[in-house]
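Sequential numbering of the sequence shown, starting at 898, is according to our numbering.
Rather than coming from a laboratory, the hints here were simulated on the basis of the structure. Be a bit skeptical, because a hint or two may be false.
Claimed, not checked - The list that follows gives simulated cross-link-like pairs (lysine-lysine, DSSO-like), each with its CA atoms no further than 30 angstroms apart:
1) LYS942 - LYS962
2) LYS1041 - LYS1005
3) LYS900 - LYS959
4) LYS942 - LYS922
5) LYS901 - LYS922
6) LYS942 - LYS901
7) LYS981 - LYS900
8) LYS962 - LYS981
9) LYS1011 - LYS1047
10) LYS1041 - LYS1011
11) LYS971 - LYS901
12) LYS922 - LYS959
13) LYS951 - LYS981
14) LYS967 - LYS922
15) LYS981 - LYS1011
16) LYS951 - LYS962
17) LYS951 - LYS971
18) LYS962 - LYS922
19) LYS971 - LYS903
20) LYS922 - LYS951
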Amino acid sequence: MPKKVKEIAELLGGELVGSPEVTIKGVNGINEAKEGELAFILNPKHEALIDSTKASCVVVPKDIKRAFSKPTIKVDNPSIAFSKIIEILLPGRIPHPRGVHASAIIQKNAVIAKTASLGAYVVVEEGASIGDGTVIYPFCYIGKNTRVGKNCVFYPNVTIREEVLVGDRVIMHPGTVIGSDGFGYDIQPN
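The whole structure should be built from the sequences, with the hints applied where relevant.
So, in structure tokens, the structure goes:
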């Protein structure tokens, strides 16, 4: 969904420096970006990368003061801006599961909010609860008596062990394990 940089700056609540008419068609890393793409730097110490990137526009922290040959959008928090832009420029790229898939395994005394969504082969053990608006992708495991808050997103293969409390608006990326035993060693005298 192509957008002009002036539209992106408005959506982010950022300050645009440079041409407002440049069209952005995608997002990429600062080193990998091509013409027509938007890139981000999260820290002012990386501002030298703006000179060498092929990106058509770069989102930067507000405390970068100098001007560049390409448009920049100054924002308070580039990490948050990145999340917003992904949703705007790449909507539906990763479609969320809707409802509860028929293959989900939910113990009888688990509590699933009506607006929660569970993908294929999700396992929810006894006593666990899943809050409103939470989306759990396929092949996730929610352990016994675990509480998951509202509006969370767990991508595929997340494991949340027993007796864990997860707050609201938490995102867990593929393969994350929460509540597992820690790794360590103990030296015993001979």
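(message) When the structure is checked against the list of hints, which entries are broken? Sort them ascending.
(response) none
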